[in-house]
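Peer 1: One-letter residues, chain by chain:
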Amino acid sequence: MKKILFTLFISASILSFSQSIISTSVGTSLGFNYEKSYLWKYEVESSPSIGGYLSLNYEYRFVKPYFIRFKLGFHQFYAQSIINNNTTKGYNYNFTFPLTVGYCIKEKWDTEIGIGIQDYRDRDEFALIKSYNIRYNLIVGLTYKINDKWSVELLFSRMLSEKIDAFVIKHYTDHFMIGANYQLFSQKK
Amino acid sequence: MKLYSNSFLFILKLFVLSFVFFSCSKYETTEPELPNTNLLTVQNIKTDLAIVNLNVNQNEFDNMMENYSDDIEIEGFYFMYTSDLDSIIKNEPITISIKGSSTAAYVLKSLSINFDNKLDNSGRDIIAINKSLERHHYNKISKISLRNSGNDFGKTFIKDISYTQLAIDMYLDLELSHYRPTQVFINNKYYGFLNLRTEKSKKSLANLLDVDKDNLNIIKINHLGGGQEEIEFKSGDHVILQELVDAVESGNTEELKKLVDINSFADYIVFQDFIGNSDWPFNNTQIYNITDSLFRFYLFDLDFAGTRDNYFASKENDFGFLYKMYTVLIQDEDILRKLQETQNKMVNYCSDQRFYAIVDKNAGVIENEIIYNISKYAKPKTNTAWYLEIEKLLTQFQLRRQNYIDKYM
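Protein chains in written order, with the working numbering: chain A, 1 to 189; chain B, 1001 to 1409.
Isolated chain A, as found in the complex (with noise of 0.2 angstroms):
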């Protein structure tokens, strides 16, 4: 495996070029979650959720038509619930680390799939176990370029980790995300 990996970074840095790309993003997102969840013996009856994310970006092109990326990113949204006939509603918020690998498609389509970290924490009240804090999602994106410096971004994102409902009558397990990004620097070696 050390030979294989060893392998790929020197046919990386002697076959392809390198670039970095400093963007950032703003977008919408829509939340559910696909499976019932309870607390205690009531279910939770949720709409979907609607929610606004901003992240920066680091995108890393080392071998055409390859990169990675890695997203600081901030994810709000607004979702209401009912259970025992009372209503909840309110904002949630999540910090994500997603790291991708991306493909080139053609010129102006990329796509994208990894995983992101979000600190699940709920933070006006003690951890329910400090492990289960963080969690880890799937990330799978599409991305179209507008010119040099705009694109647009469709995003998908689907929580991996355990589903617990006492987690996901606040953090939805699956979002829907369309955004604009903007590229901020570039810079080809």
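Rather than coming from a laboratory, the hints here were simulated on the basis of the structure.
Some hints could be false.
[Unchecked claim] Which chain A residues stay away from chain B? Per the calculated CB distances, all over 10 angstroms, these:
#1 Lys64
#2 Ile83
#3 Asn86
#4 Val140
[Said to hold, decoys possible] The calculated EDC-like cross-link candidates involving lysine to aspartate or glutamate, where the alpha carbons are at most 16 angstroms apart (straight line), are:
#5 B:Lys1131 to B:Asp1169
#6 A:Lys41 to B:Asp1352
#7 A:Lys41 to B:Glu1367
#8 A:Lys89 to B:Asp1360
#9 A:Lys89 to B:Glu1028
#10 B:Lys1140 to B:Asp1210
#11 B:Lys1140 to B:Asp1212
#12 A:Lys41 to B:Asp1360
#13 A:Lys170 to B:Glu1028
From the three backbone atoms N, C-alpha and C, an ideal C-beta is built for every residue, glycine too.
Given the coordinates of chain A, work out where chain B should sit on it, guided by the hints.
Peer 2: Chain B in isolation, oriented as in the chain A frame:
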């Protein structure tokens, strides 16, 4: 280039501000109208629980509440009723103090009640005991606490009693505190929902074991902060207590075996580890013996159960008295086997379903009562917040149980 750099800094600042600003977000819950607790009296409260009313000098009580860390004791009279207002206890003289250390700062404080005269509980009117060890006696009661659920205050209000019930159901070879949920009034004004608990004090333990209190020797392990503990000779013969400490410190397995009740030790260590009590073993440990009999363990304060990430057998506890006792005793193969058997018994008996049934029952008992605490103290804030805490309690148990199995089995 400078423009890009400035843009980057601007975006970074925007992120930091977003994190700070949005961290203030809150949920709002719309729920049915809450009762006005200012209008509540013993006579008009709608409850299915027992009702306690303490008659005290209001100024003295207010002063005690305000200066809760000053160990103030006041005198008063204790009244207790069934939910149908049939009298259980009438006009019993008592001494009241605030109970707890950090949890005494909570707005609804736990109260320690010392009865001037021993109460007769032979009819189980004051506290019903559905299961108990043969060695336990509940006919006399000298002291109780009206507990705010400690660190579970404002959350489920049933965490401690539910984990205690699990130990009761298993007939663990331990001493422990039984419970009865109650609605409490001070001078016929609503005070709050509290759990009436039997106590672990010298007098209470003597009643529980039906022995002379002067024959009890009690050691407590208390948390000093930062994971450091102190061994407190709580009461009794210091020579006998020092003998136990010396046997642990010397590492003499044969000597320690002669001093410790191994069944009680195994049940105590394994249960606390199994439930993942994060406020233990450096705190909330009481070990006692009667004259020169074997040392046994008292189980109490389980309000941090289910929140522990590590395990007793790991070296993270190697500074502690209990861990040293454990390492000395497991040099004996029979004791090590006994601990393993106890672990198997614990895991097999304490299923998720069994714990769920206990929580379901306890939560069901107070589901229509918690609304008074919501109204008076906003602890918990809403019914929904309480449901969430109940769900967390169940989830914490499931996670800890699974992690425990993965670790040891």
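Peer 1: Each hint: holds or not?
Peer 2: Against the structure, the hints come out as follows:
{"no.": "1", "hint": "Lys64", "verdict": "holds, 24 angstroms"}
{"no.": "2", "hint": "Ile83", "verdict": "violated, 5 angstroms"}
{"no.": "3", "hint": "Asn86", "verdict": "violated, 5 angstroms"}
{"no.": "4", "hint": "Val140", "verdict": "holds, 24 angstroms"}
{"no.": "5", "hint": "B:Lys1131 to B:Asp1169", "verdict": "holds, 7 angstroms"}
{"no.": "6", "hint": "A:Lys41 to B:Asp1352", "verdict": "holds, 15 angstroms"}
{"no.": "7", "hint": "A:Lys41 to B:Glu1367", "verdict": "holds, 12 angstroms"}
{"no.": "8", "hint": "A:Lys89 to B:Asp1360", "verdict": "violated, 26 angstroms"}
{"no.": "9", "hint": "A:Lys89 to B:Glu1028", "verdict": "holds, 5 angstroms"}
{"no.": "10", "hint": "B:Lys1140 to B:Asp1210", "verdict": "holds, 9 angstroms"}
{"no.": "11", "hint": "B:Lys1140 to B:Asp1212", "verdict": "holds, 13 angstroms"}
{"no.": "12", "hint": "A:Lys41 to B:Asp1360", "verdict": "holds, 8 angstroms"}
{"no.": "13", "hint": "A:Lys170 to B:Glu1028", "verdict": "holds, 12 angstroms"}
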